[in-house]
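Listed below are the residues making up each chain.
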Amino acid sequence: DTEVTQTPKHLVMGMTNKKSLKCEQHMGHRAMYWYKQKAKKPPELMFVYSYEKLSINESVPSRFSPECPNSSLLNLHLHALQPEDSALYLCASSPGLAGGPAKNIQYFGAGTRLSVL
Amino acid sequence: SQQGEEDPQALSIQEGENATMNCSYKTSINNLQWYRQNSGRGLVHLILIRSNEREKHSGRLRVTLDTSKKSSSLLITASRAADTASYFCATTLGGTSYGKLTFGQGTILTVHP
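Just so you know, the sequences run in chain order A and B. Residue numbers for the first sequence follow the numbering used here, so the first one is 507 and each next one is one higher. Residue numbers for the second sequence follow the numbering used here, so the first one is 6 and each next one is one higher.
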């Protein structure tokens, strides 16, 4: 199974709502990532979890709160978002520290299309 | 600014033709990867080339890496309509930046049947 599953596929939320994005992988990968992607732009890294610990936070506003309950799951909690946060949110995973050069290959989910009204 | 810059930004060709995309980067890298993204979907890894490699092939894909010029190219031979997608190069720096992929701006490839 080389799949990263993201739910929901689409999400519309108001600026006062609280919602969560979910990501799951069963490849035994020990690194997981959240990216934000605007239309016609490359993905921008938000967070990296390595062995369930937050290792990189790219100065993301606190209205985005990541959580890694276990090695297979990654959540992104959303609260008080702004319209400019509307984007495609991508989750990815990679093998982790072991695995030679292949450890850098990331496997992406299909994304959650988020619209903030 | 972004580590990688890609050229051209958009490329339109006919089925059967070859497509070449270029990527430049600014600092020393451990390896460079190419990813494909179909419209509004996730990215799919295509190929990884290590900093000590100069050329790599995978099916219809050929990737070159010139570390002296800090550049890479992706050649897709005998293109098909299904190759229509955005293509991104991504570099890995390693060390304390482990796990961090830095993407180029991407090339939008359109292959006409």
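Bear in mind the hints are in silico, worked out from the structure with no lab data behind them. All values reported here derive from a predicted model rather than from experimental measurement. Treat each hint with caution, since some may be false.
Unchecked claim - Here are the simulated DSS-like pairs of lysine-lysine, each with C-alpha atoms no more than 25 Å apart in a straight line:
#	chain 1	residue 1	chain 2	residue 2
1	B	Lys-105	A	Lys-547
2	B	Lys-31	A	Lys-609
3	A	Lys-544	B	Lys-61
4	B	Lys-31	A	Lys-547
5	A	Lys-542	B	Lys-31
6	A	Lys-546	B	Lys-105
7	A	Lys-515	B	Lys-75
8	B	Lys-31	A	Lys-546
9	B	Lys-61	A	Lys-609
10	A	Lys-544	B	Lys-105
11	A	Lys-528	A	Lys-609
12	B	Lys-105	B	Lys-75
13	B	Lys-105	A	Lys-559
So, against the hints stated earlier in the document, which numbers end up violated here?
3 and 7
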